[in-house]
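Here is what each chain is made of, one letter per residue.
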Amino acid sequence: MNARQIPMVYAGGQEQTLKVGLVGCGGRGTGAADNVLDSSENVQVIALADMFPDKIEKTRKVLKGKEHPGVKIQDDFCYSGFDAYKKILEAPIDYVILAQPPGFRPPHFAAAVEAGKHIFFEKPVAVDPVGVRKVIEFGEKAKEKKLGIIPGTQTRHTPRAKETVQRIHDGQIGEIVSGRIMFNTGYLWEYPRRDGMSDMEWQIRNWYYFDWLSGDFIVEQHVHQHDCTDWVMKSNPVSATAVGGRQMRTEELYGNIFDHFCVDYTYPNDVHVQSMCRQWKGTPGEICAIYRGTKGTAYVMGPRAGTITGDTPWEFKPQAKDIDPGTGKEINGTILEHRDLIASIRAGKPLNEARRIAMTSLTSILGREAAYTGKAIRYADLMKSDLDLSPKKYEFGPNEVRPVRRPGV
Amino acid sequence: MSEPLSRREFVKAGSSTAALLASTPLVYAGGQEATIKIGLVGCGGRGTGAAENCLNSAPNVQIVALGDMFADRIKGSQRTLSKLPGYKVTDENVFTGWNAYQQVINSSADLVLFATPPGFRPMHFAAAVAAGKHVFLEKPIAVDPVGVRKVIETGKQAAAKKLAVVAGTQYRHQTSFMETVKRIHDGQIGEITGGRAYYNAGTLWKRDRKPEMSEMEYQLRMWIYYDWLSGDQPVEQHIHTVDVTDWVMGGPPVKCVATGGRQVRVEPEFGNVYDHFTMDYEYAGGKHVMSMCRQMANVDNHVGAYFIGTKGEADVYKAEIKGEKPWKFEGEVSIAKAYVQEHADLIASIRNGKPLNETEHVAHSTLTAILGREAAYTGKSLKYDEMMKSDLDLSPPALAFGPNPVRPVPMPGNERG
Chain A
4 MNARQIPMVY
14 AGGQEQTLKV
24 GLVGCGGRGT
34 GAADNVLDSS
44 ENVQVIALAD
54 MFPDKIEKTR
64 KVLKGKEHPG
74 VKIQDDFCYS
84 GFDAYKKILE
94 APIDYVILAQ
104 PPGFRPPHFA
114 AAVEAGKHIF
124 FEKPVAVDPV
134 GVRKVIEFGE
144 KAKEKKLGII
154 PGTQTRHTPR
164 AKETVQRIHD
174 GQIGEIVSGR
184 IMFNTGYLWE
194 YPRRDGMSDM
204 EWQIRNWYYF
214 DWLSGDFIVE
224 QHVHQHDCTD
234 WVMKSNPVSA
244 TAVGGRQMRT
254 EELYGNIFDH
264 FCVDYTYPND
274 VHVQSMCRQW
284 KGTPGEICAI
294 YRGTKGTAYV
304 MGPRAGTITG
314 DTPWEFKPQA
324 KDIDPGTGKE
334 INGTILEHRD
344 LIASIRAGKP
354 LNEARRIAMT
364 SLTSILGREA
374 AYTGKAIRYA
384 DLMKSDLDLS
394 PKKYEFGPNE
404 VRPVRRPGV
Chain B
7 MSEPLSRREF
17 VKAGSSTAAL
27 LASTPLVYAG
37 GQEATIKIGL
47 VGCGGRGTGA
57 AENCLNSAPN
67 VQIVALGDMF
77 ADRIKGSQRT
87 LSKLPGYKVT
97 DENVFTGWNA
107 YQQVINSSAD
117 LVLFATPPGF
127 RPMHFAAAVA
137 AGKHVFLEKP
147 IAVDPVGVRK
157 VIETGKQAAA
167 KKLAVVAGTQ
177 YRHQTSFMET
187 VKRIHDGQIG
197 EITGGRAYYN
207 AGTLWKRDRK
217 PEMSEMEYQL
227 RMWIYYDWLS
237 GDQPVEQHIH
247 TVDVTDWVMG
257 GPPVKCVATG
267 GRQVRVEPEF
277 GNVYDHFTMD
287 YEYAGGKHVM
297 SMCRQMANVD
307 NHVGAYFIGT
317 KGEADVYKAE
327 IKGEKPWKFE
337 GEVSIAKAYV
347 QEHADLIASI
357 RNGKPLNETE
367 HVAHSTLTAI
377 LGREAAYTGK
387 SLKYDEMMKS
397 DLDLSPPALA
407 FGPNPVRPVP
417 MPGNERG
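Which chain is which? The protein sequence lines are A and B, in order. Quick note: to get our numbering, add 3 to the position in the first sequence (first position is 1). Quick note: to get our numbering, add 6 to the position in the second sequence (first position is 1).
Hints were generated in silico from the structure; no laboratory data involved. None of the values given here were measured: they were computed from a predicted structure. Hints may contain errors.
Some chain A residues near chain B, calculated using beta-carbon distances under 10 Å [claimed, not checked]:
#1 Asn-187
#2 Val-246
#3 Glu-255
#4 Tyr-257
#5 Thr-312
#6 Ala-373
#7 Arg-408
Quick reminder that beta carbons are idealized off the backbone N, C-alpha and C, glycines included.
Generate coordinates for the entire structure from the input sequences, incorporating the hints supplied.
Structure representation (structure tokens):
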């Protein structure tokens, strides 16, 4: 055993500075770096990694503009290319944010655990069952190393959702009979291919539209409501039946993903949750997670979040501690998630939610695969599946992707 | 070939008061012993089946006239029907072409069965009621709101004339469904909180385009794949589960949000319909029913409707209730019997002088299905009341063989603004 295999794990208290590295300098990664600085005392962001130098420069500029004393990014600690995630783990960081496209998450997570870093990893944490199992495996290793690990499912950290779900679990809506979750949105973004760009570079720049990178939008985005549902139901689904397709975004620009899905998830005791998501330009959006019980209805996400109707009506009232004095609004879950993780690390009781988010990522993958194949698929069977979307080689050059799926064909 | 007549022109002519007064035909209202003569318009699989069901449903029923756009379809129908004792169709009472429906209506038939593509139903129904005939209408009864309103209006005229109107939503006549729905309405699953309905089915038939076929003929022969003829899957097929849902929920929904698309049947030969849909219907009191349908091969099929209450859950197709007061229908769950029963009920109602009139419920459930289809086509959240007032009219400019360009496959967000 050499010194590299027994790295020092940060276990300091409030007074000791926590040094953060960011892997993945896109919008969400930059946002997460911003959030971690706002979340706790004595936090510094010192290192950045991304596939592309231009993305790193953009993030540095944004964080510089924040004028926060914790922004201490050094040129020596900025890394680009396919190996950037490995190099940043050799920098003197305690805590790493993994925010590259989700297809990279399992190998990045494994390396970060090996390196003994505390980890905040964006959702979803895998795009296929092979990746899900890898995250579970390394999540267990992280426990042995007492590493703190949480994913970016921020709703779990908001007092509004926490209290609503607690009340559901305490029986305030009776026995749960059904659920309805939605992530209907409009136009997103795209990155047109430029002259001379290799398949691989274009796919990574336009990552949202490739199954191996994003997992399709049902996995990349709707995972929030799937996580909420698995939380409320205290279980992953048993099986799923789904339909979906690609009706508006049919051009090559949009890779190989769908633009709409509807999944009928079956949970234990034959409780069904209907899950609808679409990204259709020019159509009205709707985002919600609503659960119906024998004695009432609970709204956990969406415009009515924090409401229970029925026999025992209730509405969430934020307390002073829940309010950000700067904005006068409830503190955002994207800040609270870092606060909770860092507090758990500093208290010597690191949170480890790797298994939970890996299993919820599979809930989303289950819905996708049910739509792609037209088959009713069991969660337990998918967990054992060999489906592996990762490319043959991680290098710039040609990279053929699966054709758009046609169920039954 | 007869002169082409647009549907709008026809509707205008058919609904004028003068036309109604001019035709005051004798309505059949005889007893059990008198023969009921039927005519069939639309000699496809379902039409032939409906005629056979009708002939088998009661004594002294004869079929006297057949009509279809195409002679070959009539020959196919005759092969089945001519074996039955009630078959009394003479050669001069076999009609083809665009006016065949009117000629069947004008025959000695007391009751006319309509099973042509649903896009024709409103026009045919109006003509039959104007002529004072009892009517059996295959589901759905329209493909657009203009057609639905026409059917509702015609249904009122039928009631005034004491004409029977039964729709081919046969589950409303199937004992196992009736018993289950009654128990739901009597509170056996407590208060209904919502439900889910599925018509995840396989692919259907298709026909090759022959060189001599005009666009219009090809569309008529491939009618399930054209919106203006079939109304698309939610309307043409899923209507059964949609109708069961409206029945259980006590009426049509308030609004609908949906997704859908065309993922497998993408070739131009499959007209302009989708191959999958999911509707999130909201009924009064904020109760949601998820309604899913698809037509794809080599996938898992599932047809059913389930309703969840505060005290249990009902599986309507299996006629079973789970929960605090479990129950299972003891008799045979038979769709074949229901296909006959709907005609038995129709004929009994004519004979006892208390004609059934199912126009309203089938018109509303047809509009419920149209609402779901349009919510998917447009991506909008659509309200039932507004859909009922909509000017959407899918009928072609001229009912004649020749060119007939159809609207492109609907694109959500762009479709009709």
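Here is how each hint holds up against the structure:
1. Asn-187: Cβ of Asn-187(A) sits 7 Å from chain B, so the hint holds.
2. Val-246: It holds, given that the least Cβ distance between Val-246(A) and chain B is near 4 Å, below 10 Å.
3. Glu-255: violated, 16 Å
4. Tyr-257: With Cβ-Cβ at 14 Å, over 10 Å, it is violated.
5. Thr-312: Where the cut-off is 10 Å and the nearest Cβ of chain B is about 9 Å from Thr-312(A), the hint holds.
6. Ala-373: It holds, given that the least Cβ distance between Ala-373(A) and chain B is near 9 Å, below 10 Å.
7. Arg-408: This interface hint holds because 8 Å falls under the 10 Å limit.
Hint check: violations occur at hints 3, 4; the rest are consistent with the structure.
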